Structures are given as C-alpha cells and as structure tokens.
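Kindly generate the complete structure, drawing on both the sequences and the hints.
For reference, the chains in residue letters:
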Amino acid sequence: MSSQTSLLDPTAELQPSERQLLPRLSSLAGATIGLLDISKPRGKEFLDEVEKFLIDAGATVKRYAKPTFARIAPLELTQKISTECDAVIEGLAD
Amino acid sequence: MNQSTSSSSYALVVKKDCPTCALIEPMINNLTEGSVTSLTVYVQDDASFPKNVANLIDDTQLEFSYKNTIEIVPTLIRLNSDGKEESRIVGWDKQQWQEFTGINDLGAKLIDFKPGCGSKTQDPGMEEVLALRFDTHLLKARKIELAESEDIMEACFDRGWSDGLPVVPPTALRVMRMINGSEREADEVIGRVPPDYVPCSIEKLAINAVMAGCKPEYFPLVIASVEAALQDRFCMHGLLCTTYFSSPVMVVSGPIAKQIGMNSGVNALGQGNRANATIGRALQLVIRNIGGGVPGGIDRATMGNPGKYTYCFAEDESDEDWASLAMDRGFQRNDSVVSLFAGDGLQPILDQQSREPASLAKSMAQSLRSVANTKIFGLADAILVICPEHRRVFRQGGWSKSDVKEALYKELLTPGAELVRGANGIAEGMPDKFKEKMLNKFRDDGLHLVTTGGTAGLFSAIISGWVASGERGSQIVSQKL
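Protein chains in written order, with full-length UniProt numbering: chain A, 1 to 94; chain B, 1 to 481.
Treat the hints as calculated values from the structure; they're not laboratory data. Small disclaimer: the values here were computed from a predicted structure and weren't measured. Hints may contain errors.
Unchecked claim - What follows is a set of in silico ranges between Cβ atoms, one per label pair, in the way DEER data are often shown:
| hint | chain 1 | residue 1 | chain 2 | residue 2 | range |
| --- | --- | --- | --- | --- | --- |
| 1 | B | T37 | A | L14 | 56 to 64 angstroms |
| 2 | B | T243 | A | A87 | 55 to 63 angstroms |
| 3 | B | A427 | A | L22 | 52 to 60 angstroms |
| 4 | A | A87 | B | E188 | 29 to 37 angstroms |
| 5 | A | L22 | B | Q122 | 32 to 40 angstroms |
| 6 | B | E145 | A | I55 | 42 to 50 angstroms |
| 7 | A | L22 | B | G261 | 40 to 48 angstroms |
| 8 | B | I152 | A | K40 | 32 to 40 angstroms |
| 9 | B | T69 | A | S26 | 53 to 61 angstroms |
| 10 | B | E148 | A | L22 | 19 to 27 angstroms |
| 11 | A | S17 | B | D187 | 33 to 41 angstroms |
Stated by the list, open to error - One-sided excerpt, in silico: chain A residues whose CB lies under 8 angstroms from chain B:
| hint | residue |
| --- | --- |
| 12 | L7 |
| 13 | P10 |
| 14 | T11 |
| 15 | A12 |
| 16 | S17 |
| 17 | L21 |
Just so you know, even glycine gets a beta-carbon here, dropped at the ideal spot from N, CA and C.
Right, dumping it as structure tokens:
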C-alpha cells in the first residue's frame with residue numbers, strides 16, 4: 001500500500017478529519033479507573049501515589065501490570081481492563 | 001471541415017501502437033510543406049515515435065489528448081492564429097488530408113484510406129483516471145490521508161464508517177467511476193439526510209455506494225432509493241429513531257432489476273446477489289454516514305432486525321397479468337421503480353395444502369393477524385410476499401391480485417369486542433372505544449402484495465410494518481428512476 005493512501009470522507013464532515021479521542025470521563029466520582037503498571041522500576045511507587053489521588057476524587061481503582069515493559073500488553077490483559085474499567089492510566093516510563 | 005486557404009499551425013496526435021499512425025509516420029515531416037507553417041506532434045504511448053520529428057511532445061500523461069477530446073488517432077487539428085482549434089480530421093484519408101493541409105502530393109505513395117485507432121484516452125477506465133488527473137475540482141469531499149502504518153480496511157472501521165462489515169475503501173477513482181454510473185453531476189444536492197439534515201450531494205452518495213460494494217451501474221437505483229427515503233411521507237427520521245424493529249425495505253420493480261442482475265428468484269430475500277445486497281446496504285450507509293444516524297445514538301431500536309444491514313429485493317414479474325407493486329402504485333410495467341416500506345423481518349406462511357384460492361386467502365389472512373400482535377389492528381402496515389407457487393394457485397383459480405386483496409380484507413374484518421384490551425384474558429389490545437365496531441387488520445392501502453422467490457416451495461411470507469404506519473408515521477413510497 002502506498003504511504004499516500006487517500007480516501008474520500010463519506011460523512012457530512014461535521015467532525016474534524018483527524019481521528020478523535022474517545023469521549024473523556026466527565027467525572028472521576030464513581031468511576032472505575034485501571035492503573036496499568038508497565039513493569040518498569042519504581043512504577044509501583046509512582047502509581048501508589050496516583051491511586052491515592054484517584055480514591056480521594058471518588059474513584060474505585062483497580063491495579064494491573066504488564067508481564068514485561070518490553071512487549072505490548074497481552075490481549076487477555078487489555079480485554080480484562082476494558083471489561084472492568086471506565087478508563088485506564090498507563091504508567092509509561094520510569 | 002474547411003479546405004486550407006492560408007498558412008496555419010497544426011497539431012497531430014498519434015500513438016505508436018496504432019497501425020494507421022505507423023502507416024503515416026514516413027510522411028509526417030512532409031506535413032511542414034505547403035501551407036503548414038508549424039506542426040506539433042503529440043504522442044500518447046512512446047516518446048520515441050514518430051522518428052525525426054522536430055516538435056514532438058510527450059503526451060503519455062494524455063493531458064493534451066484529454067483536454068482536446070481526442071477520440072481517434074491519428075487526429076490532425078488545424079489551429080487559428082490564437083492557437084485555437086479551427087477544425088480536425090481523423091484516421092487516414094489521403095484526399096482529405098491533402099485538402100486539409102493544401103499539400104497536393106501528401107502521402108502520395110500511401111494507400112488511399114485506413115481508419116484510425118482508438119485514442120488512449122478511450123481505454124477502459126481511463127475517463128475517470130484522466131478526470132482525476134486534470135479536472136481535480138470535480139470532487140469536493142474532504143480527503144482523508146491515511147498514515148503509512150494504517151491498514152486501509154481497518155482505517156474505515158476505525159473512523160466509524162462501517163455498519164460492522166468491511167467496506168470498500170472509497171478512493172477518488174472508485175468514487176468518480178460510481179458518479180459516472182449515473183447522468184448526475186457530482187455537486188448536485190438531492191436533499192437533506194436525517195437525522196442531521198445535512199445537504200447530500202451525488203458525490204457523497206457515490207462515496208457511500210462505493211463503500212457498500214455497489215457497481216456503478218447500480219448507482220441510479222441507489223440515488224432513487226435515497227430520493228424515496230427523503231420523501232416526507234416516508235418519515236425516515238422517525239423510522240430511524242424508533243425503538244421498534246423497522247427499517248427501510250426496498251422493493252425494485254421494472255426493467256432495471258434484470259438490467260443490473262438483481263435476484264427475484266431462488267433465495268431472493270437471502271444472501272448471495274451483489275446488487276440486492278449492496279444497494280440496500282448503500283441506503284443504510286448513507287443514513288449512517290451522511291445523516292449521522294448510528295445505533296445507540298439517534299437509532300434507538302430495542303432489537304433492530306438483520307435487514308438493517310441491507311433489505312432489498314426485486315419482484316418476480318414473469319406473470320404479465322399479475323400487477324407489480326409499482327403498477328399498484330400507478331406506474332407502468334416498463335417503468336423502473338424503487339419502493340421503500342418501513343418494515344421488519346420475515347414471517348413465513350407455510351401452506352402446502354390449499355389448492356383453491358379461497359382456502360389460500362383464508363390461510364394467509366390468518367397468518368397476517370400476527371403482524372405486531374394478533375389483537376392490534378390498523379397500527380402496522382404489511383407486505384405480503386407471495387411466492388410463485390402460491391401465485392399460481394390464485395392464477396389457476398382465476399383470481400387477480402385485486403381479488404386476493406379483497407378476499408384478505410373480508411377475512412380480516414373482526415369484531416372489536418374480540419380485540420379490545422382485556423379480551424381473551426390479554427391486557428394488550430385495541431382501546432375500548434372500538435368494542436362495538438368491525439375492525440380491519442390493515443389501514444386502507446396498508447397491505448401491499450409482491451411476488452418474489454424461487455419456483456419451488458409453497459412458502460409465502462409477511463414483512464410486518466412499523467407500528468407507526470400511515471400519516472402519523474411512515475407510508476410506502478415509490479420513486480421512478
């Protein structure tokens with residue numbers, strides 16, 4: 001496929017052409033937030049602090065971890081998070 | 001063609017792969033004698049041809065040929081002093097060329113006549129390629145540039161353009177070919193599509209028809225189906241919003257069905273025929289993508305029905321004496337017509353025993369009571385889909401379509417007392433005010449008869465209508481192509 005692949009927009013063009021982010025949560029209160037530790041050093045400590053903040057804001061927090069930071073998350077893990085959580089925060093770096 | 005009277009400039013368009021062009025190659029340089037003051041040669045396929053020509057222009061991109069509407073090579077054009085075309089000749093006719101150029105012995109050694117070849121601009125599919133190359137203003141839709149890492153099929157899903165099945169990626173070339181399947185201009189607006197009521201151009205329809213998998217020859221029917229859906233009496237907006245099952249059901253009558261290879265035979269309401277499948281789907285994609293009507297958004301159907309992917313079939317019109325749905329609606333047999341009905345899934349009527357029309361009509365009437373609810377009358381219209389073998393029972397018994405309708409009407413007349421709320425121990429039913437009246441299952445003009453399907457099987461069917469049938473909701477609409 002050419003890197004210049006171009007398609008014609010089938011819509012009424014009421015939205016920007018760039019792909020849009022999924023709708024953001026309007027409030028953390030009552031929401032279930034996943035914290036995904038990508039398994040880099042000190043990620044746990046950092047996410048512990050984030051968790052305190054989220055709980056203070058009224059959210060329920062669930063913790064997850066990737067087996068290794070070097071690989072993308074296994075499908076089972078992403079499916080588990082999307083089933084159980086309203087949103088996820090991923091600890092990306094050490 | 002005017003005979004040359006004064007000195008002129010000429011343009012000659014040739015292609016190497018044309019025997020007539022090859023024939024005249026040796027005398028092309030002789031063209032600059034006599035009254036011809038300058039000659040520019042344009043070659044369509046190989047810039048090494050013709051040999052030894054001073055002003056040779058590589059037209060392998062076909063810009064000159066396209067902009068000057070060259071259909072045959074060789075074409076010799078005489079230009080006036082402003083460089084504008086005065087007249088042209090095509091192919092090789094020795095006397096004609098001699099008169100046109102004023103060179104009396106031009107090509108004296110060649111045969112007298114040889115017809116030309118098709119210009120490369122006339123190759124299959126080239127029309128749209130060249131339109132996109134040189135008439136870029138024709139398409140107005142926003143271009144969506146994909147990243148190198150994107151899969152083109154997944155990109156269409158990701159952007160929300162799909163009904164859940166893969167769509168054909170709408171490239172400009174495919175869209176241009178789709179538009180050219182009709183006689184309509186790309187920027188013509190045919191109406192406003194609900195629920196967002198945005199103006200809908202032929203180009204936007206074509207984009208969605210491409211995605212649905214339509215061939216360009218289907219496009220006039222797609223356009224007509226959208227025009228039908230936009231008729232006020234069809235109430236597309238309300239139909240889209242309903243929690244009920246209904247969605248447009250498309251019935252195609254007249255010559256167009258055979259012309260584009262629609263199925264009105266075995267499995268006519270099933271899968272497997274490209275025209276049936278994609279034309280019905282195109283209408284749904286138009287509502288989704290142009291109108292903005294998506295499930296869970298404006299579309300609030302409790303369950304929906306599988307026909308919301310596509311629901312389109314052609315009538316069996318093999319019995320000349322049996323009126324088509326289009327004829328019932330005032331059109332002629334030779335008119336190509338698409339009708340839209342706000343309908344649901346398919347409810348079978350099995351009757352393998354009735355050999356007399358009266359029995360079969362009673363049998364069908366009993367089944368028709370099931371539309372919406374056996375105790376709800378006058379709320380939902382219906383299409384009775386009569387299979388060819390059941391139609392044969394009626395025809396052999398000497399019944400016309402209107403005889404069938406009349407018998408069904410009589411059979412379905414029912415005392416209100418049997419239907420009111422609470423009757424038969426069922427809370428659902430008609431309001432109490434109908435208790436003393438005789439009610440009919442369907443409104444006047446609320447039951448439509450069509451024939452389709454294979455010639456084996458005594459199985460007819462009901463397509464139940466929306467429970468908001470009639471003036472307060474949706475009525476069947478027909479649109480002639």
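Hint-by-hint comparison with the structure:
Separation of B:T37 from A:L14 is about 58 angstroms and conforms to the stated range, judged on CB atoms against 56 to 64 angstroms. Separated by about 30 angstroms at the C-beta atoms, B:T243 and A:A87 break the suggested range of 55 to 63 angstroms. Take B:A427 and A:L22: their Cβ atoms lie about 43 angstroms apart, and the range 52 to 60 angstroms is violated. As the Cβ distance of A:A87 to B:E188 is approximately 45 angstroms, the hint placing it in 29 to 37 angstroms is violated.
Hint check: A:L22 to B:Q122, Cβ distance near 50 angstroms, so the stated range 32 to 40 angstroms is violated. In this structure, B:E145 and A:I55 meet the distance hint of 42 to 50 angstroms, their C-beta atoms being roughly 43 angstroms apart. At roughly 42 angstroms, the beta carbons of A:L22 and B:G261 sit within the given window of 40 to 48 angstroms. For B:I152 paired with A:K40, a C-beta distance near 35 angstroms keeps the hint of 32 to 40 angstroms intact.
Between B:T69 and A:S26 the C-beta distance comes to about 60 angstroms, which sits within the given range of 53 to 61 angstroms. About 24 angstroms separates the C-beta atoms of B:E148 and A:L22, a value consistent with the hinted range of 19 to 27 angstroms. For the pair A:S17 and B:D187, the supplied restraint of 33 to 41 angstroms is violated, since their beta-carbon distance comes to about 20 angstroms. Among the interface hints, the one on A:L7 holds; its C-beta lies about 5 angstroms from the nearest C-beta in chain B, closer than the 8 angstroms criterion.
The beta carbon of A:P10 is positioned within 8 angstroms of a beta carbon in chain B (closest approach about 4 angstroms), and the interface hint is therefore held. Residue-level restraint check for A:T11 holds (minimum Cβ-Cβ distance to chain B is 5 angstroms; threshold 8 angstroms). The closest approach between the C-beta of A:A12 and any C-beta of chain B is roughly 4 angstroms, which is under the 8 angstroms cut-off, so the hint is satisfied. Evaluation of the A:S17 hint against chain B yields a held restraint, the C-beta minimum of about 6 angstroms falling below 8 angstroms.
With its C-beta approaching chain B no nearer than about 12 angstroms, A:L21 sits outside the 8 angstroms limit, and its interface hint is violated.
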